[in-house]
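Chains V and U, in that order, are what the protein sequence lines are. Position 10, counted from 1, in the first sequence is what numbering that gives the first Met the number 0 calls 9; the numbers after and before it change by one each time, with no gaps. Position 50, counted from 1, in the second sequence is what numbering that gives the first Met the number 0 calls 49; the numbers after and before it change by one each time, with no gaps.
Among these hints, one or two may not hold up.
FRET-style restraints, in silico, Cβ to Cβ [to be verified]: (1) Glu600/V <-> Leu125/U: 40 to 46 Å; (2) Arg85/U <-> Val14/V: 40 to 46 Å; (3) Thr350/U <-> Glu600/V: 28 to 34 Å.
If you're looking for bench data, these hints aren't it; they were derived computationally from the structure. Idealized CB from N, CA, C, for every residue including glycine.
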Amino acid sequence: MLKRILKDRRLWLLVLVACLVILVTRVVLTPDQSFKIVAWYGYWFMLALTLLWGRSLVRVGMGKWIRDNFSRFDGWVVMLMLVCTSVWWSHEKPGFKILADEVLLLGTSMGMHFDRSATYPSRATDVQGPLQIRDRVLDKRPLLFPFLVATVHDLSGYRPENAFYFNRGLGIAFLLLVYVLGWQAGGQRWAGVVGMLLFAGLPLAAQQSAGSGFELLNLFAIAAFALAMMSYLRKPIADRLEVLILTGLVVASCRYESIIFLVPMVAAVGIGWWRSGRIALSWPILISPLFLAVWLLQNRLFSGDSTAWQMASKEGITSPFGLEYFGSNLGHSLAFFFDFSGFQPSSAMFGALGLLALPFFGLWGLQKVRQFRTGSADDVAWVLTGAGLGSIGLLLMLYFWGQFDDRIISRLSLPVHLLMMLAIVVVARTLWKSTTGWKVLAGVVVFATLAQSLPVMAKRAYEIDYTPGLEMEIRREFLAEQPERDFLFLDNDSVFWITHLLPASSMKVSREKHEALSYHLRNHSFSAMYVFQSVLVNEQTGQRTVDPADDLGPGFELETIWERKVQTLLFARISRIVAIEHDGAVVREVVAVPTATGHFENVEQVDEQRALYLENWIKQLP
Amino acid sequence: MLSERARQVGQAVKAEGRRAAAFGLSALAAVGVGFSYFTPAEAGELVRQYGYYAIPGTLLWFGVMLRHEMPDVSTWMRNRSRQEWRWLLGLVGALCVVAWATFPFGYKILYDELVLQATSWNLHKLREVGTMVRGYEIEGVFLPMFVYLDKRPYFFALVVSLVHDLTGFRESNAFLFNAGLLPVVLGLFYAIARRVSSAQVAWAGLACFGASPLLAQNANGAGMDLLNLLMVLLSMLLAARYLERPNAQRLSVLLLACVLLAQTRYESLLFVMITVLVVIEGWRRAGKIILPVTAMAAPLLLVPSALHNSYLSGTPVLWELKENMDSRFNWEHIWPNLGHAVNYFFNFGTTTLGSWWLSLVAFPSLGWLGCRAVKRWRTWDRLDPTLVAVGAFGLAIIANLSLLMAYFWGQLNDPIVSRLILPFTVLMGVAVVMALKRWDTGNGRLAGWIASGALISYLGWGLPATEYHRNINQLATELAREQRAVSRMAPLSRLILTDKTTLGWLMKGIPALVVDDAESRAEQIQFHLDHGTFKEVLLTQRYRPISPEGGFEMDPRDVISDRFVLEPVWERMQGARLVRISRVIEIKPKIEPEEEETIKQSEREATADDRPDSSV
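The whole structure should be built from the sequences, with the hints applied where relevant.
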């Protein structure tokens, strides 16, 4: 086999393409060039990847497999899935769950939709009708999720809510895929039902299906990857290999760390070739390393910019990864899995069954590794998938911010949940062969869902104390009450307003553009200028002070028009700028601007002044 | 040979002598009445008063004749395999849903669409072909006070008025009607393509033709262009069927479709000539002259169109000419317009609604077809009927396009003009189908790649262009914002003095006058304010920036007499202008010229009295 590998020219071509991609993306191009390439061609890479992936699924006969295997039982499973997602949707309202991730992802999808740029807008205006993005920023997050949401915008018109709808649809697809995965791993359909019920009873999954984050897509892609690997190892032919490799690339384009799955993917490819005794390669496989270029280029944000690791979020952190975080993170993970207070979106039953099954799954896996040449193809696939998921879990335990009981981090436990589900199903399969065992297990999971998960979902305590999420809801509430959207917002979360097609600016820029703001107030450029601020209440004196980060500084006269309690001792306030003082001159807000006479002698002069004014107006945008 | 042909023609005419004479008389009468007998003003008046009844009559007749075609349609539908249906419905459904979802329903082309809407209002309520300029509620009924005959053919307005008749007047009826036309247009294109090619090739052609942001835009507006496209396709199909088996029934339905098509857009009258050629070719193929009653009546059915055309030709004010122009067409426009056309066809940005993929595959296909036509022109009389029909209609489409290139406002990359290319895209689509039929080796692989290219280019380039054009019509946005602002005010009876067209307000049942007419009607406005007809008079105006730093002055085109004392109630930036709604709080009495002179004199004296003594 080794000889065959060495002699295969196409394989060497594949290696050459991969080496060239690495060389060009990491050595030849400067970081600045890299970011420009990602910004302007990222969309097209994602489009090509998605199309090739879809093509490979059609060629491999996925539709036929579904048609051939669909039974009456599956019909009932679809009904069950509908019930589960209805329960999810009745408790979880659509909204931004994790910030600023979700708003930035939405912003990138907006950039892709409007001008095919894989960036989020930081300044935009619709003064000339169509929205024009004036300044843009390349985000560190992988591009597949924004690309898919941008496609939803493309096909149905731009709506910020499309991201929520997309995740809801993905929730449905994910539960069905988990059912298929459980069925295949457990050997019978009831195992799939157990897998689906485990996730249906996980408040975290419900939360993610109502947000606009990329976690559910990542999980969906990993589940698809596991099935693609199983399919390939069962019959290592070129078409199935194509599906496996493209699915691996899809997974790698979902989240930063999901690139890890390329290791089990390569291992599976090698095993497949070994077991079949031949090397199967098609042209999409030969060009497949090109799709890694986006990840490799975009990832340079992390090496060039230390803030990308967000180490400033925690005190005393000097390195993003380290063994010293392991013990503490493990403790936080247990606190997350076995929380009964409702302040964590976890399911104790899922955690308990998973943690119980994991060691046995590990032992079972070690046993199967020894039989990789002759053992069951499915078992090899589950072992490799488990290894990939386990690596991600391990990586998170070594990450300085890998605490699952942290509001922002808990979503990262989803791959670990998938690992636990796989472990539960595989271990249970070795324990019993009859349907009865699965039915009992399904009953236990349903009971746990009724007893713990549903009250947790109903309380949503895990969201109610998440301040950024609540403040975002207040913004959405305010926006929904405005009859016209023709105002300017000054807010540190300015991207939120821009994604809702409103001009906005951060406090820092606003402070710097003091004069520009007075220009717009004088010329009544916007029906109003609003400021969003967090207000802190002194617990001793009751005195209210604006969060220093939200302070506009001197020279601005504000009038509070909207104030909502976010949580104890914290309010969100929206004020209207009624006057701006600059260089000793005070500009006050007016209902109607004073008008002049005698400047125009003909229509040509009107057009001339219009062009000059528009040019300056855009320059003056904060 | 020639004498033999002449003898055959002579025999044929002899056989249908009476009918031929009747047809000749009818044609002469139609030309005389339509173009010569009446002055433009009289012609316009006739159309205005009686034009309504001509089209429904033709439409009804057409419907009755079309009914006889239904068995063939059913057979055609039955003969399609389940898989073909699945693919066809999937593509048509997807293209329609995307088109409906991505463009919001609304006016895309102002002023055209508002005029059509207003005409449909008049047809619906008064059975009068006309567009109101002023309208008021009198005794609880909103009635037009002044109506003029617009230049636009009124078939579209009439069909929309029928929808109003059946469901009640709603502005959205026009949008919904156009939305409903889109699947029919796509279906008709497929039917034509399918006549000359396999299902796969026709499907690919449909993907190239239908995956177009321009088509999507027109499927959500209130314009007449989609109906025109539908009538072109339908006439093509009927012509192909007639040439396939020329008989009285097929000829009748073709002629009636042609009469309706001629009344869909101005330039569609050209298709009448083409239909005549098709009819003659049908006679040649049949070896006899076929002259059903419809053929004899057809020229007379075209009289309203001819009268309308006479009225338009004699009313230059309707030509919308720019300053210093006395003709709509000129050679000097051709070269610049061609440049704009190239920019439209091969634009990879978002600023035009063209499909570069269609251009890329269609122009070589058209070139290849052209070469083939030159090489094999001697065998044209044995050509497939569908190709003859498409070729004949293609001549008219190309003639129209040539005219457009010589038109002073024929820049295809202008968002207002782009829609005029729609009929040409049919030719492009059919050319792609013909080329695929020749070059696709039978396994459908090439057709698959071409279709994939069309769909991918639509997704990658077409849909961002769609997004760009959603809000490109600033005038429509401005009008909509003013109307929303007024709708949020207290519910009062109002008169709107507008700096734009009054139609947008009149269609909502709100009386409106243009600013230019305000002074001449100041006394009447005051009278109705005094008598409580209007509780409030609002004025919309634009203020223009006077320097880069700002400061605003009223647009010279929106200036109203200083007899009207105004109080601003709402304003907002729209583009680089300030749009303001003001309330008229007083209308000062009109000052007679002598009185004005006296006032000026006393002002001069007062100024002189104020001078310091040293200056005396």
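For each hint, the structure was consulted:
no.	hint	result
1	Glu600/V <-> Leu125/U: 40 to 46 Å	45 Å, holds
2	Arg85/U <-> Val14/V: 40 to 46 Å	43 Å, holds
3	Thr350/U <-> Glu600/V: 28 to 34 Å	33 Å, holds
Of the numbered hints given earlier, the model fails none.
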